[in-house]
Amino acid sequence: MTRRILFTSFSFAMALVMAGCGNTKVKPEPGEKRYPLTGEVTRLDDKARVVTIKHEEIPGFMEAMTMGFPVLEPNEWVKLKPEMKLKATVVDRKNDFYLTDVEEVK
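Under the numbering used here, the first residue of the sequence shown carries the number 77, and numbering increases by one thereafter.
FYI, nobody ran anything at the bench for these hints, they're computed from the structure.
Quick reminder that beta carbons are idealized off the backbone N, C-alpha and C, glycines included.
Mixed in with the good hints, there may be bad ones.
To be verified - Pairwise CB distance ranges, derived in the manner of DEER restraints:
#1 Lys109 - Ala140: 30 to 38 Å
#2 Val102 - Glu180: 19 to 27 Å
#3 Leu148 - Val181: 19 to 27 Å
#4 Glu159 - Pro106: 15 to 23 Å
#5 Arg169 - Ala124: 17 to 25 Å
#6 Pro158 - Gly107: 31 to 39 Å
#7 Lys182 - Pro106: 33 to 41 Å
#8 Pro158 - Pro106: 21 to 29 Å
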């Protein structure tokens with residue numbers, strides 16, 4: 077129980093630190109893979125910082141679908157707008173994934 081409380085407290089503290097660092101770039105991890113994504117924003121969840129995107133097939137990663145992607149970097153999150161067409165990079169780590177390198181397509 078004590079470990080759980082310590083872990084939760086540490087996680088919360090780290091989230092606050094990350095939220096306060098507008099130009100924080102997530103450091104690459106060994107073994108992570110990157111895939112190009114093209115699609116359209118269908119929903120933004122500001123509280124969870126998850127963008128839902130109707131995306132094309134991501135070759136080597138997943139077929140076309142609509143799904144949510146976490147956005148870890150505050151400077152990437154502010155680029156997103158409802159109904160925006162975009163190109164981005166999906167970073168696949170061992171146990172999770174996130175979106176980065178957001179770029180609007182006109």
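Evaluation of the provided hints:
no. : hint                        : result
1   : Lys109 - Ala140: 30 to 38 Å : 19 Å, violated
2   : Val102 - Glu180: 19 to 27 Å : 21 Å, holds
3   : Leu148 - Val181: 19 to 27 Å : 22 Å, holds
4   : Glu159 - Pro106: 15 to 23 Å : 37 Å, violated
5   : Arg169 - Ala124: 17 to 25 Å : 18 Å, holds
6   : Pro158 - Gly107: 31 to 39 Å : 34 Å, holds
7   : Lys182 - Pro106: 33 to 41 Å : 36 Å, holds
8   : Pro158 - Pro106: 21 to 29 Å : 36 Å, violated
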